[in-house]
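Novice: The task is simple: from the sequences and hints, build the whole structure.
My numbering applies: residue 40 is where the sequence shown begins, and numbers increase by one.
By construction, these hints were calculated from the structure, which means they are not laboratory data. What you were told as hints is all true, and nothing was included just to trick you.
As a list, the in silico DSSO-like pairs of lysine-lysine whose alpha-carbon atoms are at most 30 Å apart:
id, residue 1, residue 2
1, Lys-95, Lys-66
2, Lys-90, Lys-66
3, Lys-167, Lys-137
4, Lys-66, Lys-137
5, Lys-52, Lys-167
6, Lys-167, Lys-85
7, Lys-95, Lys-85
8, Lys-167, Lys-90
9, Lys-66, Lys-52
10, Lys-66, Lys-167
11, Lys-85, Lys-66
12, Lys-85, Lys-137
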Amino acid sequence: MIGFIIKKIIGSKNDREVRRLRPLVAKINEIEMSLQSLPEEVLREKTAAWKERLSKIEDDAELAAALDEILPEAFAVVKNACRRLWGTEITVRGHPSKWEMIPFDVQLIGGYALHSGRIAEMATGEGKTLVISPRVTASGWVRFTRW
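Specialist: Here you go:
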């Protein structure tokens, strides 16, 4: 009974972690709002600059720190790209599909959990498919520069 009350007041470890990440999500959303008025070319230039910067880093710890530094803006760029795609028709495995996905806050939190090497437990309907997008994008910049 006492454990239940404490958990209700303090929350689970997962609840505390999600609360801890709320400021990061707010920052990502704030950056994404500022990107909405920029032309796509500016986003491409940002991405190219990040790839260039990351390609010059040899030390793994330094690379991890650099990724953490650009993470809010990188996640914001991915979210903005999804927003720009909204309503367009794309072809997936030879089948036309309408793009209707923009990451919600819970998906950004899940993406950060994956970036941090954690497992992101999500309920049915919370959009696990889109959680991986920001993380894979950031990883791709590193992997393509290393190979």
